[in-house]
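Chain residues, written in single-letter form:
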Amino acid sequence: MIAVFKREFAAYFVTPLGYAFIGVYLLCSGAFFYMFTLTSGTASVGSVDVSVMFTLMFFVLMVTVPVLTMRLLSEEKKNKTDQLTLTAPLSLFGLVMGKFAAAFSIFLISTAVMPIYGLILARFSPEHFRWAVIWGNVLGLIMLGAVYVSVGLFVSSLTENQMIAAIVSILLNIAFLLSSVAAAYVKTGFVSYALTEISLLDRYTEFTVGIFRFSNMLFFISLTAIFIFLTVRMLERKRWN
Amino acid sequence: MIEVKNLSKRYGANKAVDGISFTAEDGKILGFLGPNGAGKTTTMNMLTGYISSNEGQALLNGFDILENPIEAKRRIGYLPEHPPLYLDMSVDEYLSFVYSLKKSKMPKRSHLNEICELVKIADMRKRLIRNLSKGYRQRVGLAQALVGNPPILILDEPTVGLDPKQIIEIRSLIKKLGKNHTVILSSHILPEVQAVCDKILIINKGRIVADDDAESLSANLSADRKLVMQIEGGLDEIKKLLSSVDRVERVTVGRETEPNVREYEIEARPGADVRRDVSKKLANRNFPILMMKSSELTLEEIFLKITTGDIYGHTETPEPEETKKAEKPGKAPVRSKGGDRKK
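Protein chains in written order, with the numbering used here: chain F, 443 to 683; chain U, 1480 to 1822.
The set of hints was computed from the structure by calculation and includes no laboratory data. Heads up, some of the hints might be wrong.
[As the list claims (entries may be wrong)] The calculated DSSO-like cross-link candidates involving lysine-lysine, where the alpha carbons are at most 27 angstroms apart (straight line), are:
hint : chain 1 : residue 1 : chain 2 : residue 2
1    : U       : Lys1494   : U       : Lys1582
2    : U       : Lys1582   : F       : Lys680
3    : U       : Lys1658   : U       : Lys1678
4    : F       : Lys519    : U       : Lys1644
Input sequences plus hints: build the corresponding full structure.
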């Protein structure tokens, strides 16, 4: 697992993919931080509001994380390097976790910029700023990132084509976003309820407005676990076909 | 030591591998021979756990590949048909990745040095795999299989795409490795298998059609005595004369090579040498012999004969799928020793 992690992690910096992801992440979060926190109207009246930035990052990650994960398994299948990894003395779970950890680490490295924004706020508005707001939001962001990485990893196991993997993961992420919208149009009670509950945005928004709920944490973690499990099953299934 | 029992793989209704059984012993090289699509690669993929079998069992040094995959895989070095290389890595990076992937306990630096010397890629180690030629990629693929010094080596067409000099090098390397490893290699090139392997399995349409050691297989097959002659004289007379020779089974008339000269093909009974009798008889009647050669089957002909069922006495007639399945559920592979050819 560690070998797979090291290889995948290094591969992100051999191709421009890792740099590109981190770059886009920093650019977007920096721009949002400047526009909606530093120079927004709410800041001028004396409060410190980072919720807009974190909400917008939801949409940025929805599109960029699939690009990060698209090649993880599809490329192996295409280049037949899976004949090495699948015949090595390594469990499928170990393989999938190695890949997950590599992509997730790139995401975590990018997210490490968030406390820097916190430092800036702490310096310029110490009377209004509380670190708990930053940590709560970062925690939500990390949970969200884990879900997106696992979704992307799963989709990557379905196809040999990286572009298809990226597009399908983005669509799947959008589906998770829109499920609460769809819920409004569904008359059947329990379906509507289920659709509302699986919406990532609603749960994530609670983090950004400062509500920390254990059930939300559990939801993100289980969703990640489910997609990792499905990925392992998918690899398993391919051997039987 | 590899023991394979009744291994099968189905793709839908199509049986890619149909109940094959064999044993590969330590310190021997087993060759898989068969035309494209015979099931060689599928069998190897099943042995290495890349795909799963539908039926049967494969034991690698006693470990079942499906029930105890990690232990079994620890004992295998696999070179697939396309070497599984990460093009964005250098040879060194790649080999140390494989080293840690296989969780090898050997001393890393000296072990990798040794392998690189063995497959002659020592001066390519800093190069990106992307920039290597096909021959070098194949060697890196072989190096990858050797990392961790696994007791079993499974090599799928190891010499494909190499130039003749490289082919000879790789073959002698495989022979060397065969002394202290269990090696299975596949090929559709007969001389290669014959040159390298101790034991040959010929598979066709997912079944083993011949299973023999290399020497007796070729000895048995090339003993198929046929004479090709060019004789001057009247066609009917000569044909009659030749047919009357003791132990001659069949005479076929070929093309006319020169005016009044024809080519004749004489098939004798197995083991019989009729050259002297034929020439005496012809000389008595004053028919000049312009050419006589015994046509030993070329390996290609042998191969065709076996795979079309001519030599080992069983013909692969296409049967409808349903009746085949109904009649022979889990039928054992057709095996025959060299001795009982041409019943």
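Verification of the hints:
Restraint check for Lys1494/U and Lys1582/U: the C-alpha separation of about 35 angstroms exceeds 27 angstroms, so the hint is violated. Distance check on the hinted pair: Lys1582/U and Lys680/F sit about 25 angstroms apart at the alpha-carbon level, within 27 angstroms; holds. With a CA separation close to 14 angstroms, the supplied pair Lys1658/U and Lys1678/U stays within the 27 angstroms bound. Restraint check for Lys519/F and Lys1644/U: the C-alpha separation of about 32 angstroms exceeds 27 angstroms, so the hint is violated.
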